[in-house]
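A.B. asks: Construct the complete structure from the given sequences, taking the supplied hints into account.
Number of protein chains: 2
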Amino acid sequence: MAVWIWFPHDFSIDLRARVEMRRREHGMVCPPIWRVDSPGRAVTFRREYELAAPGRACLRAQGEMYVCLDGAAIPEPADEIVLPAGKHVLTVSVMHLSGLPALFVSGDIESDERFSVCENNVDFRPCGFSAAFDAPEKRPELYSLPTLRRDPEGVTAEGLLDFGRESFGFLCLTAASPGPYTVYYGESKEEALAGKQGETWDTGVFARAGEEVRLPSHALRYARVDGPADVRAAYLLEEHNGLPWRAAFHSGDARLNAIYEVSARTMALCTREFFLDGIKRDRWVWAGDALQSVLLNHYSYFDRATTRRTLAALRGREPFDQHINTILDYTFYWMIAVWEDYFYTGDASFLSGMYDKMVSAMDYTLRFVSADGFVVGQKRDWVFVDWADMPKEGELCVEQVLLWKALCVLSDSAAVLGRAGDAAAYRRRADALRERILAVFWSEEVGTLLHRRAPDGTVCGHTRYAPMFALLYGLLPEDKARRAMENSLLSDSAPAITTPYMRFYEMDALFRAGRAREVLQGVRAYWGGMLDLGATSIWEQFDPSETGAAHYAMYGRPFGRSLCHCWGAGPVYLCGRHILGVAPTAPGYASYEVRPNPGGLQSASGTVPTPEGEIRVTLQDGCVQVQSTCRGAGTLYWQGKRAEIPPYAGGDPVLACL
Amino acid sequence: MAVWIWFPHDFSIDLRARVEMRRREHGMVCPPIWRVDSPGRAVTFRREYELAAPGRACLRAQGEMYVCLDGAAIPEPADEIVLPAGKHVLTVSVMHLSGLPALFVSGDIESDERFSVCENNVDFRPCGFSAAFDAPEKRPELYSLPTLRRDPEGVTAEGLLDFGRESFGFLCLTAASPGPYTVYYGESKEEALAGKQGETWDTGVFARAGEEVRLPSHALRYARVDGPADVRAAYLLEEHNGLPWRAAFHSGDARLNAIYEVSARTMALCTREFFLDGIKRDRWVWAGDALQSVLLNHYSYFDRATTRRTLAALRGREPFDQHINTILDYTFYWMIAVWEDYFYTGDASFLSGMYDKMVSAMDYTLRFVSADGFVVGQKRDWVFVDWADMPKEGELCVEQVLLWKALCVLSDSAAVLGRAGDAAAYRRRADALRERILAVFWSEEVGTLLHRRAPDGTVCGHTRYAPMFALLYGLLPEDKARRAMENSLLSDSAPAITTPYMRFYEMDALFRAGRAREVLQGVRAYWGGMLDLGATSIWEQFDPSETGAAHYAMYGRPFGRSLCHCWGAGPVYLCGRHILGVAPTAPGYASYEVRPNPGGLQSASGTVPTPEGEIRVTLQDGCVQVQSTCRGAGTLYWQGKRAEIPPYAGGDPVLACL
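Residue numbers (my numbering), protein chains in the order written: chain W, 30 to 687; chain P, 30 to 687.
A couple of the hints might just be wrong.
Said to hold, decoys possible - Straight line, CA to CA, 16 Å or less: simulated EDC-like cross-link-like pairs of lysine to aspartate or glutamate:
#, chain 1, residue 1, chain 2, residue 2
1, W, K408, P, E268
2, W, K408, W, D350
3, P, K225, W, E105
For the record, the hints were derived by calculation from the structure and aren't laboratory data.
C.D. replies: Structural data, given as structure tokens:
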């Protein structure tokens, strides 16, 4: 089957720039703060073929083509070229100044993975492609998400269009008479009513009565239309990702079910061309948010295309001369996400394409380490960790833990790709780093990993971040792990985490330590608290002590906060990964485990997707039942007992009960 | 004065892709064989200002703008923004997906070199700009060369339009009646008559009688129009570089004068947005050709803008992961050309902008050296040297000589830029390399530098290239220099050089060794030989033993040869640099020498441009007179005598005679 082909990852890199350029706020386009890469402008596609008899091929390109057979130009290739019989080499160079050079070949040879591509006449490599672009008219540059018409549910007392819940799309207006108009969007009523104190609006002029306009895409629940539009004719072209939600969760706790549902909607709204952080602000691709989306994706869409577009776009092109998103921590999250994609899908093709880019990113990172091998935020780095007050100068323990995990990921990746030398070297480096982390940051007195070594050499401070990631990724030996859990995560001695972003990892670590009950209690309070305030999607941040419109302020802007932020959708992951307890134990679910962790729920059931087939878990009356169509072999663990779940081989789902 | 500003070098990088995409042959666009870079797609311009009273600024951009004052967005900036009084920081981010992001600010603050720019929120650096774009409507993306109408001089017996001499422009046709047409272009009659055996043609369809079309730009002297065009209405919009030719040369030898004139026309035709190799084939920017054009430019236009556009475009963006133009030697020529620009202009601003890029190119180069520190062509490198039969495996001496010169250039550049540590390190490396070159390649037996060390360790072969560059760049100690001149350049034991490309350097070296008479004899025969065949511009290659259309063939294509190739315009340089003998001895002609070398010419006179002012030299009746408006101090050397030429300080030119 012929598909459009291109230089690997360039479709994602180009699309990212187009998507990020759609971020509009304060009446302007808001460009990203990092380097925005372009696709290569000229590439050469190459295919060796052998035909028993002369054939024909039809060529289509995004850009201008130069066509050669065995190195000699085919003058003026028309709609079809003649392919002589025998063994030959077809090369097609494509140059495109304003977008992605791409090629489609049909006929007796077809553009597919048998074409290789290069941008420098030398380094030919496998083409990039997507099964979605499988016809000459399905040009990659025409790619857009599907839309559905959505009418407002009503008009509020204040005269706002109300679409009933958080949404994303193109508002469509019809002019009642000619004249200028302004549309103010709001995730909240207050924002839509705030005029230019809000974040987003559009202006325009109707030329004549009856004119229909489709405005730029925005996040909104409410819209205020100032100007001569026929409000009764207004509707939204809601833009969807078009992906099937392959998971489910339902429990005896209605509040938790509602939280799952709103979290799932949040995930759905933020899963677009890429995993975005938020749909109002900022519509950019961030590695910290992306890692969480990748984890959530494995318990919802299981869509590897969105994951890979996101991760390829995040990494961009060489040179790696600044951390991803300008943030030190984000380079590490990006590497971990590449590994998570491999581990859940079992498909090493993307990992293989990213490996050299992981290596160059790690080379860059290791250029800036201290004598102990610790990374230190440079003047050019944003050391983020979390929106929380904490000192960040010097060597932060949490950054070392993430570096250690990234080195482990590189070692494991090298091993998968058959690079034993690299695997051993990265493992040695990881082991040495782990030793130094324990030697420098472990405090016997406090019984945990301390926050940082300040520039003056003092090791001090206590935050939850380093112990939490160390627990999650298994850096600590058993007794230290136990003590860190007690002293950092289960005590009040370190400040509480207030963003859903970092609570995600804290809850993950707590679940793994058997603290389901505490986690669910926190989820009901924190996520439930937003729902109590009428949230129809999960917010970027939530502080129960705030009141009224204070909930909408952030970054010093009255409506700066994003009310649909994917890092708040963590319950999607927690329900599948921990309450139902489903996880692969070998890449691609070749083997897996089901370890339910209901945390006091009377009943819970749901579905977790795998690369092929689903795993359905039902907890009821103290018993657990698994129905599986997963091709791998599973093990069910429940209340000290275990049962094997055979690989599915067709027919009815296989069953296991305890 | 306000000018359009951009990320440094990106205007040149973007323009190069646009220019190279205009190469058309065999009815197709022919993309370059190297990586084609894009400008950064999103950049941030920044300016700290202080105003005593509130002011206003008008902003224009290529792309979409996001405007902040002191870090906070200015919502919906209209045509003008208000600038509060006091000290503030204005930042304007510009994002452009299909071209160069650029900004123009006028009013109480103006876009100029006081703005800095970055593409990653961190590394702010001086903006790129050109004085040519000094008004809001003079947008950089509208840049094009000026054109002049040129009518054909007649129609040949074969029915070809004849423009009288080699030209470059857009053929304009008027339809006599509707219907399809094809236009075949020829630098020679034979090519225009050869149909699709030729290199370039255009096709189209006239919709109606009287329709006027402007075809794409091509090199041509002749055109054959097939189809219903009104041939009497056909003309050419000849495209010019618009630069003043600041040099002159005239001698008592009419043949030499004709050669100078045709060489100058060749240089003029190939000096366009960039220094191109040839105007028919291949309209790409090549560093080997560019170095010669840079040298010629200092004896003709003295236009630093074309030089710097060319050299910035050649280097492109990071990463440096392949030699310039894919050719090992070309990286070295590029570095030498950057230095020549500095040395003749005395302006280190461009050198300063290129220095880091020279360092990264050298870092790459040095990753692939042998135990002796010799560069060896890798699988990904094209080891070019010259179009001539010679073995190129192993360590070629000529490549080591060029590497040595490049290391010297880096050391000198570092010194100019105040980087003493770098200067010393590169000098040490250059000295060590020179020692190894002499130890390995110098043959006492043959009395010259041998061609290469083969992979089996044998040092063998004798070509002119290594001795020639070693002489030119002063690598050899005096006695060895004398012997290499005799044994390699003045003997027949090494094969003769047959391209004007390498003859350029050979003649330069011979002139420096006092062999003016032999050089001029060669020029009269070789360049004169082309003129005898009716050449109106200098060819890419010339073999006097060929006959008829064989002169036009190359690369296995009957009309593959370029008949207007700048590497043949060397006489422009030789006349000014050697016959008139003018050269700077300190950067920017702060001091200079005039050492005429007439090679038996009875009389010769001419002008050589300097950064400010010209130097006019007249040789007549055994005497030499210099008239100078150069701001530096010169020394005239003639027949064992010398005279000082005072710096010009206004008024009549200063004089010196011997």
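A.B. asks: Taking the hints in turn, state whether each one holds.
C.D. replies: Hint check results:
no.: 1; hint: W:K408 x P:E268; result: 49 Å, violated
no.: 2; hint: W:K408 x W:D350; result: 13 Å, holds
no.: 3; hint: P:K225 x W:E105; result: 9 Å, holds
Consistency note: the structure conflicts with earlier hint 1 alone.
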